[in-house]
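There are 6 protein chains.
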Amino acid sequence: MQLRLINPNTTAGMTATIGEAATRIAAPGTHIIATQPAAGPVSIESHFDEAVAAVGVQEEILAGEREGTDAYIIACFGDPGLLAARELTRAPVIGIAEAAFHMASLISTRFSVVTTLGRTAIIAEHLLAQYGFAHHCRRVRAAEIPVLDLEEDGEAAVARIIDEGRRAKAEDGIGAIVLGCGGMADLTAEITEAVGLPVVEGVTAAVKLAEALVGLRLGTSKHGDLAFPRPKAFTGRFEHFSGLTPAA
Amino acid sequence: MQLRLINPNTTAGMTATIGEAATRIAAPGTHIIATQPAAGPVSIESHFDEAVAAVGVQEEILAGEREGTDAYIIACFGDPGLLAARELTRAPVIGIAEAAFHMASLISTRFSVVTTLGRTAIIAEHLLAQYGFAHHCRRVRAAEIPVLDLEEDGEAAVARIIDEGRRAKAEDGIGAIVLGCGGMADLTAEITEAVGLPVVEGVTAAVKLAEALVGLRLGTSKHGDLAFPRPKAFTGRFEHFSGLTPAA
Amino acid sequence: MQLRLINPNTTAGMTATIGEAATRIAAPGTHIIATQPAAGPVSIESHFDEAVAAVGVQEEILAGEREGTDAYIIACFGDPGLLAARELTRAPVIGIAEAAFHMASLISTRFSVVTTLGRTAIIAEHLLAQYGFAHHCRRVRAAEIPVLDLEEDGEAAVARIIDEGRRAKAEDGIGAIVLGCGGMADLTAEITEAVGLPVVEGVTAAVKLAEALVGLRLGTSKHGDLAFPRPKAFTGRFEHFSGLTPAA
Amino acid sequence: MQLRLINPNTTAGMTATIGEAATRIAAPGTHIIATQPAAGPVSIESHFDEAVAAVGVQEEILAGEREGTDAYIIACFGDPGLLAARELTRAPVIGIAEAAFHMASLISTRFSVVTTLGRTAIIAEHLLAQYGFAHHCRRVRAAEIPVLDLEEDGEAAVARIIDEGRRAKAEDGIGAIVLGCGGMADLTAEITEAVGLPVVEGVTAAVKLAEALVGLRLGTSKHGDLAFPRPKAFTGRFEHFSGLTPAA
Amino acid sequence: MQLRLINPNTTAGMTATIGEAATRIAAPGTHIIATQPAAGPVSIESHFDEAVAAVGVQEEILAGEREGTDAYIIACFGDPGLLAARELTRAPVIGIAEAAFHMASLISTRFSVVTTLGRTAIIAEHLLAQYGFAHHCRRVRAAEIPVLDLEEDGEAAVARIIDEGRRAKAEDGIGAIVLGCGGMADLTAEITEAVGLPVVEGVTAAVKLAEALVGLRLGTSKHGDLAFPRPKAFTGRFEHFSGLTPAA
Amino acid sequence: MQLRLINPNTTAGMTATIGEAATRIAAPGTHIIATQPAAGPVSIESHFDEAVAAVGVQEEILAGEREGTDAYIIACFGDPGLLAARELTRAPVIGIAEAAFHMASLISTRFSVVTTLGRTAIIAEHLLAQYGFAHHCRRVRAAEIPVLDLEEDGEAAVARIIDEGRRAKAEDGIGAIVLGCGGMADLTAEITEAVGLPVVEGVTAAVKLAEALVGLRLGTSKHGDLAFPRPKAFTGRFEHFSGLTPAA
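Protein chains in written order, with UniProt numbering: chain B, 1 to 248; chain Y, 1 to 248; chain A, 1 to 248; chain F, 1 to 248; chain E, 1 to 248; chain L, 1 to 248.
A few of these clues could be false.
Pairs of lysine to aspartate or glutamate, DMTMM-like flavour, derived with a Cα cap of 20 Å [to be verified]:
1. B:Lys232 / Y:Glu144
2. E:Lys232 / E:Asp70
3. F:Lys232 / A:Glu65
4. B:Lys232 / Y:Asp153
5. B:Lys232 / B:Glu59
6. E:Lys232 / L:Glu151
7. L:Lys232 / E:Glu20
8. A:Lys232 / A:Glu125
9. Y:Lys232 / B:Asp186
10. B:Lys232 / Y:Glu20
11. L:Lys169 / Y:Glu152
12. B:Lys232 / Y:Glu239
13. Y:Lys222 / A:Glu152
14. F:Lys169 / F:Asp153
15. A:Lys232 / F:Asp153
16. Y:Lys232 / B:Glu151
17. F:Lys222 / F:Glu65
18. L:Lys232 / L:Asp70
19. Y:Lys169 / F:Asp186
20. E:Lys169 / E:Glu144
21. E:Lys232 / L:Glu144
22. A:Lys169 / A:Glu193
23. L:Lys222 / L:Asp70
24. Y:Lys232 / Y:Glu59
25. A:Lys169 / B:Glu144
Read the hints as simulated data drawn from the structure, not as lab findings.
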């Protein structure tokens with residue numbers, strides 16, 4: 001199967017990191033295509049960054065549709081553009097926050113999230129509520145590291161994530177930790193060992209959920225509110241979205 | 001005060017309709033500037049349309065910031081890009097769905113929404129949950145009319161909205177009706193009379209809420225998760241968002 | 001417009017304080033009539049005080065109806081008698097707790113309340129739940145000052161409110177503070193400056209919401225559960241409520 | 001034990017009906033004192049009626065305190081003044097809506113309420129939410145009979161209640177029915193037989209809960225938010241509430 | 001009335017303790033039969049212990065049915081097998097966690113639970129949510145004492161429970177404490193005095209609720225999802241459950 | 001990997017059906033071992049059946065542990081004994097209701113459940129609430145067919161399920177249907193085609209989720225409330241559970 005792994009930001013290093021983590025975990029028959037939008041923010045750390053990145057995500061979905069993609073992953077912990085993306089395809093589309101929450105709730109009764117910046121905690125809280133996991137998550141914690149520090153100052157960043165994870169283990173009454181950033185995709189093993197709790201990371205979780213859905217021949221429902229958008233005109237720089245019609 | 005009324009879609013006729021409705025309701029000192037993005041969908045009827053439109057909304061906020069705007073309204077019932085827009089300014093930013101829900105909850109204990117297409121009901125449901133009004137809304141009903149029919153085939157559209165409103169009054173145990181589309185901004189009086197219930201329309205409600213906040217000298221909090229986004233690089237077609245820094 | 005501002009307690013000093021704060025914030029055409037019941041508690045600090053005060057509130061509404069009032073405010077943070085008051089009039093009726101919660105949710109994603117006594121926190125919690133803001137409020141904090149100390153020992157009281165507000169800013173992950181007592185109506189500017197967060201005060205917020213609703217020609221729905229009460233006999237000291245019939 | 005059964009309205013016939021139903025169900029050692037306020041509405045069918053009646057309830061509690069009462073019941077389905085009443089005494093105070101909901105949830109997983117007028121359904125909904133039973137109640141149904149018709153036109157009223165109960169049984173997927181009016185206290189057996197479901201009536205349920213709490217030596221907590229109100233001045237017609245101090 | 005008090009574990013000493021506490025609190029006409037399953041865990045401290053114990057509970061119900069029992073109590077704080085037990089009888093069946101939560105919510109607005117081991121807190125949390133008391137309980141606290149230490153090392157155990165209760169009183173903003181283990185049935189008076197808050201204990205609470213329901217002639221609804229199970233074959237060691245048919 | 005698929009009932013035909021469905025969907029390296037308890041009910045249609053079956057589930061987990069199992073599935077739609085089973089192993093344990101809900105929420109925003117008997121709908125409702133999917137499920141519908149009719153009178157049963165599914169599609173505003181019984185494991189394709197909506201079946205969904213978790217090296221957390229149970233004595237027929245200690 002073709003699995004398009006969309007890094008919604010435009011930092012190639014992070015796309016590579018994510019792509020490698022996904023490839024390592026993928027089943028033999030899964031072909032990972034790690035991509036990033038042609039345009040957008042170099043990291044996503046605010047609602048504004050998310051709003052801009054969401055458009056690039058849609059373009060990556062449309063590109064994937066032209067290539068016969070079997071499943072998509074949106075590899076940013078805010079799941080930017082997720083429901084929009086689902087409208088564009090019959091294939092499953094998985095967000096990494098969503099994937100991590102689902103998996104964490106299957107191996108523990110309560111978990112905490114360790115994310116990058118405190119200001120993005122509200123994004124996680126809104127997603128937890130929308131997806132149904134508000135009561136499974138004890139606390140959204142922030143290590144207060146900018147996303148790109150994960151690339152540029154990895155060691156210090158990891159140390160802070162581990163510290164926060166240990167505090168979560170000691171104080172939150174939890175069974176598992178969810179890593180709250182796509183850029184942490186290669187840190188799971190190290191953090192798991194250092195904290196001593198199961199650590200759920202979204203990119204890898206999403207790869208496995210995508211494979212699961214494809215294996216079940218389940219794709220995004222085209223009945224009701226996730227049906228293909230009604231074709232219409234778009235103007236200006238978004239004119240290329242005009243008259244979109246589904247592949248089949 | 002300068003009130004920038006952003007129609008997130010790119011249909012000039014709808015911008016005009018909305019702008020006129022806003023101007024009629026505005027206080028003497030309120031100067032309404034009705035705008036629309038340079039690029040985007042001609043109507044918003046899906047998550048995808050919303051995701052694209054949300055970028056245009058941000059650009060309209062940035063334009064407003066350069067002109068010393070006192071308050072903003074996002075005039076599409078899905079409130080696209082609302083939290084992102086709030087990050088970009090110290091001024092208040094009001095979504096019309098939000099505005100209508102707040103006002104309806106002040107004059108009735110329970111209300112229903114009458115929107116355009118059934119497929120967008122999920123957007124209203126998600127907003128009701130996030131804003132806290134899930135239990136105040138009995139039902140989200142759809143008249144099943146495409147948004148632009150409000151412009152092009154007004155009479156038939158109004159008849160269907162009135163029908164649905166009457167059903168809501170008869171069946172839902174409610175005290176008020178919320179109109180679920182910016183394009184209905186000029187229909188309030190007609191529907192109110194025909195249905196015989198208070199009808200809350202979001203554009204007008206938002207104008208009054210924006211005036212209220214400005215009168216209270218309350219603007220979007222810049223402490224915590226709605227602070228200005230961290231300046232950063234954007235690439236490609238979104239390069240103009242690079243290094244954004246707040247006006248003051 | 002005539003705006004009847006009802007202080008539910010019988011302390012004339014507080015009625016004056018509230019009336020002045022309301023007058024300062026009111027739009028040019030808004031005529032504030034600050035009143036208080038002829039009978040009731042000198043301050044409201046318990047469910048019992050609220051229950052007694054709620055009757056005086058109704059009488060003030062009925063007095064207002066005879067005078068052609070355009071909107072009412074109930075200026076005690078527990079919103080005593082709010083739904084009952086709404087039944088008595090076609091005009092909008094706004095509680096100050098309600099007003100403050102609505103406004104705070106428009107400028108921040110999460111807020112905390114700073115109220116007077118810890119024992120009244122449960123009143124705020126019940127209102128937050130009923131109005132839909134339970135998840136928007138991180139914490140209801142008490143400065144542990146009796147209500148009338150705001151009148152009599154203002155400086156010390158303000159110092160404690162500011163202390164509690166600073167703790168809220170430091171610990172609660174919030175963007176705004178709601179002041180939890182009508183008697184704080186004249187302290188907003190001072191507390192805002194001292195704490196460094198937007199501070200939402202209910203009396204002023206309610207004035208602006210009332211003006212907004214009147215501007216929208218929206219009044220309390222008379223369809224359904226807020227319709228005028230069925231006229232009936234009342235006995236004894238409440239005989240004057242017998243056979244109430246709506247003004248028109 | 002002395003059990004003061006407070007009918008919050010001032011219709012002596014209903015006080016008698018309720019008192020008889022309570023006496024029939026009471027344990028041998030329970031002495032029922034059925035009372036009604038000296039002043040107030042002859043029936044309670046709105047928030048306004050409730051607000052006025054709540055004051056009479058407090059006076060009945062205070063009268064009871066002077067007589068050494070062991071437990072109180074507030075015998076109107078909206079539980080008017082319940083939390084205020086709890087502040088005034090160390091004895092338990094039970095509302096009949098509350099009592100019925102608790103008991104119904106012990107014998108069924110889901111129940112429906114059959115009340116008098118549709119306009120009071122919102123009162124039941126608010127109580128269900130506050131008490132925690134929102135998900136246990138499938139539906140609040142109204143037979144659309146004024147409260148005093150239960151006294152004056154009993155047969156027709158009962159027929160409508162039975163009809164509504166049968167519809168509830170057929171449509172709601174429930175295991176029990178809650179009768180939503182104190183005036184139905186003597187109808188339990190007849191409705192149970194006619195509908196063929198367990199029928200929970202609040203007056204009788206409250207008598208048994210009050211006996212249970214007294215048997216457990218559990219009374220209203222005087223620690224925290226239900227502590228005795230701070231003594232203070234009341235003015236005018238409520239002057240007699242001034243300087244209230246607990247019996248001991 | 002015959003009240004069968006089922007201790008779901010197989011420690012005779014605890015059955016005796018519970019039975020004595022129940023007998024002390026029971027009304028004159030209530031005959032307490034304290035029993036325990038023939039097979040099962042000696043204490044219940046995990047989901048696994050609960051799952052095994054739940055079968056013994058059913059057998060005790062069936063034994064009770066043969067003897068003409070009027071009401072049942074399941075005397076373990078996780079209420080193991082409660083809904084299953086209800087299916088087997090027309091009599092009321094009360095769990096002690098359930099009983100304690102109901103009673104605590106009648107005498108306070110907020111309470112905390114003090115239980116034995118932290119690992120069982122999740123069981124209490126799930127029950128609080130299912131029964132509707134999630135918002136009434138501020139916190140589930142654990143004294144971290146194994147259940148049988150209550151029997152074997154009573155003094156030390158009580159000291160820890162009292163410590164935790166005092167912390168709850170000081171920190172949780174509560175009006176009452178719920179004891180979270182059947183084995184604490186004889187400690188209520190001591191803990192109440194030491195902590196200085198009303199203390200609600202489940203075994204005694206359940207006895208009084210059972211008497212209340214029997215007094216009301218209310219039993220488990222046999223309409224809908226608590227109807228007698230459809231008779232069917234059981235195999236192997238559970239063959240004796242085959243073809244169960246209700247007593248009447 | 002070794003995947004132990006536990007049919008909690010003792011009908012060998014259903015174990016075979018489920019095993020075949022699982023085997024068809026399993027990845028090449030997954031070895032399905034379909035088992036059933038040595039003792040228990042021949043079908044599960046009530047809380048009572050569930051309570052008995054849950055013990056057999058535990059024994060199958062313990063048997064699996066002795067054989068080096070990598071993951072477990074509990075193949076009855078009520079997920080009987082799920083949390084208990086998780087305590088007994090480091091491997092993941094998945095319930096089929098849980099699996100189906102998770103998967104359905106990834107391909108649609110709202111779904112309905114079609115189950116066998118109306119009386120078991122409450123079981124699904126409780127699970128939806130506990131797992132967090134209460135708002136994602138519009139309605140739990142019953143085809144009113146006994147479980148074993150799926151084996152014995154397959155054609156008629158399927159026809160009724162399809163009818164109910166079509167009603168769900170027409171009335172519920174959903175994007176997907178969840179099949180609410182393990183015995184429907186081989187009907188997915190037929191129902192999908194007949195109804196014209198994505199149909200999520202729990203056995204197959206659970207196989208894929210189990211493979212996903214094993215692929216991620218994520219097993220049940222042994223920190224906190226799902227840790228191995230404390231070893232202890234069990235008496236009588238459950239003596240073999242005494243002194244359980246984890247495999248490693």
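A quick look at each hint next to the structure:
Taking the CA atoms of lysine 232 of chain B and glutamate 144 of chain Y, the gap is near 17 Å; set against the 20 Å cutoff, the hint holds. A distance of roughly 26 Å separates the Cα atoms of lysine 232 of chain E and aspartate 70 of chain E; the hinted pair therefore is violated under the 20 Å criterion. A threshold of 20 Å between alpha carbons decides the hint, and for lysine 232 of chain F with glutamate 65 of chain A the separation of about 31 Å lies outside it, so the pair is violated. Taking the CA atoms of lysine 232 of chain B and aspartate 153 of chain Y, the gap is about 17 Å. The hint holds against a cut of 20 Å.
Of the supplied pair hints, the one linking lysine 232 of chain B and glutamate 59 of chain B holds, its CA atoms being roughly 16 Å apart against a limit of 20 Å. Distance check on the hinted pair: lysine 232 of chain E and glutamate 151 of chain L sit about 15 Å apart at the alpha-carbon level, within 20 Å; holds. Between lysine 232 of chain L and glutamate 20 of chain E, the direct Cα distance comes to roughly 25 Å. Violation of the 20 Å bound is thereby established for this hinted pair. For the hint pairing lysine 232 of chain A with glutamate 125 of chain A, the CA-to-CA distance comes to about 34 Å; that exceeds 20 Å, so the pair is violated.
Straight-line distance between C-alpha atoms of lysine 232 of chain Y and aspartate 186 of chain B comes to about 24 Å, which puts the hinted pair past the 20 Å bound. A C-alpha spacing of about 25 Å is found between lysine 232 of chain B and glutamate 20 of chain Y, which places the hinted pair above 20 Å, so the restraint is violated. Simply put, lysine 169 of chain L and glutamate 152 of chain Y have alpha-carbon atoms about 32 Å apart, too far for the 20 Å limit, and the pair is violated. Of the pairs offered as hints, the one joining lysine 232 of chain B and glutamate 239 of chain Y is violated, with about 27 Å between alpha carbons and a cut-off of 20 Å exceeded.
The suggested pairing of lysine 222 of chain Y with glutamate 152 of chain A is violated, with an alpha-carbon distance near 34 Å, which exceeds 20 Å. Among the hinted pairs, lysine 169 of chain F with aspartate 153 of chain F is inconsistent with the structure: their alpha-carbon atoms are about 25 Å apart, more than 20 Å. The straight-line distance between the Cα atoms of lysine 232 of chain A and aspartate 153 of chain F is roughly 17 Å, inside the 20 Å bound, and the hint therefore holds. For the hint pairing lysine 232 of chain Y with glutamate 151 of chain B, the CA-to-CA distance comes to about 15 Å; that is within 20 Å, so the pair holds.
For the hint pairing lysine 222 of chain F with glutamate 65 of chain F, the CA-to-CA distance comes to about 15 Å; that is within 20 Å, so the pair holds. About 26 Å separates the Cα atoms of lysine 232 of chain L and aspartate 70 of chain L, which puts this hinted pair outside 20 Å; it is violated. Our distance criterion of 20 Å between C-alpha atoms is broken by lysine 169 of chain Y and aspartate 186 of chain F, whose separation comes to about 35 Å. Restraint check for lysine 169 of chain E and glutamate 144 of chain E: satisfied, since their Cα atoms lie roughly 18 Å apart, inside the 20 Å limit.
Note on lysine 232 of chain E and glutamate 144 of chain L: the hinted pairing holds, with a Cα-Cα distance of about 17 Å set against a maximum of 20 Å. The hinted pair formed by lysine 169 of chain A and glutamate 193 of chain A meets the criterion: a straight-line CA distance of about 13 Å does not exceed 20 Å. For a cut-off of 20 Å, the pair hint linking lysine 222 of chain L to aspartate 70 of chain L stands: about 15 Å separates their Cα positions. The straight-line distance between the Cα atoms of lysine 232 of chain Y and glutamate 59 of chain Y is roughly 16 Å, inside the 20 Å bound, and the hint therefore holds.
For the suggested pair lysine 169 of chain A and glutamate 144 of chain B, the alpha carbons sit about 17 Å apart, so the restraint of at most 20 Å is met.
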